[in-house]
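Novice: Assemble the whole structure, with the sequences as input and the hints as a guide.
The listed protein sequences derive, respectively, from chains A and B. Just so we're aligned: 53 in the working numbering is position 53 of the first sequence, and the numbers increase by one with no gaps anywhere. Just so we're aligned: 17 in the working numbering is position 17 of the second sequence, and the numbers increase by one with no gaps anywhere.
Because identical chains share one entry, a pair is satisfied inside a single copy or across any pair of copies.
List time: in silico SDA-like cross-link candidates among lysine to any residue, alpha-carbon distance up to 25 Å:
(1) 55 to 93
(2) 99 to 113
(3) 49 to 93
(4) 85 to 116
(5) 107 to 145
In case anyone wonders, no lab produced these hints; they're calculated from the structure. Here the structure is a predicted model, which means the values were calculated and not measured.
Protein chains: 2
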Amino acid sequence: MLKISSTQKAYLAGFIDGDGSIYVRLKPNDDYRYGFQVSPYIILFQSAKDEEIFKKVCSLINCGYLRKRKDGILEYTIGRVADIKSFLEMIGPYLILKKRQADLMLKILEKKELVDNKNDFKKLMDLIDKFRDLNYSKKRKKHKLTP
Amino acid sequence: MLKISSTQKAYLAGFIDGDGSIYVRLKPNDDYRYGFQVSPYIILFQSAKDEEIFKKVCSLINCGYLRKRKDGILEYTIGRVADIKSFLEMIGPYLILKKRQADLMLKILEKKELVDNKNDFKKLMDLIDKFRDLNYSKKRKKHKLTP
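Specialist: Encoded structure:
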């Protein structure tokens with residue numbers, strides 16, 4: 001991640017508050033010990049019409065990947081745990097609307113490192129489910145471990 | 001308008017770049033000399049679910065009005081010319097994606113003061129129509145003065 005100025009950090013916090021997303025997905029995947037892959041994301045969105053200028057914004061972050069969705073929306077995604085942590089530490093002090101999501105994300109990443117058994121993982125899943133309340137997802141399905 | 005810090009200005013620029021709108025509407029209105037009212041707007045959007053925290057963002061600006069649309073989206077609108085000018089002078093240096101809209105807005109507000117005849121107003125309308133190219137509006141109607 002690049003060294004950027006405090007106003008650039010504040011700009012990115014405003015951008016994320018306006019049109020960004022901070023969340024963790026639980027993907028069912030039997031290759032993982034507890035049946036789920038824990039996938040954290042920070043995503044910035046923009047219309048594909050402004051791709052060239054949007055790349056300037058993304059270049060301030062410089063640790064994600066850009067993709068164009070079929071509906072014409074550009075998504076710039078930060079998906080690696082180390083990058084997410086340093087990005088949130090950088091913009092965290094300037095976040096207003098998504099401050100709770102950022103704090104929850106950091107808590108989840110911390111707990112994830114400490115998971116030692118099925119009960120720990122169940123607690124982690126409960127934390128991850130809290131994003132639904134913060135992010136007004138339409139999916140109200142609560143995740144459950146198979147017994 | 002309040003005195004705010006440079007990181008607060010940069011935050012607001014990021015918010016506007018992420019999920020804000022800068023444009024001028026031409027409203028047909030026979031009470032006006034050339035048949036149109038020129039209405040400039042800067043709008044910040046947010047889900048109504050986060051109304052309380054969104055008000056914190058709005059309080060940094062402190063010169064607009066908040067309304068809730070029927071679809072549940074909150075709009076904070078800056079509509080007075082003097083406020084728009086000082087707001088854009090404040091956040092302008094930090095804008096990236098909507099820099100062109102901000103410059104076009106300031107140019108239009110300047111030209112509007114100097115309108116002296118129908119030809120001047122026609123040129124002003126042409127400038128206003130340029131927002132369509134920048135803001136990817138679905139309405140492609142070009143405004144025309146009645147002869």
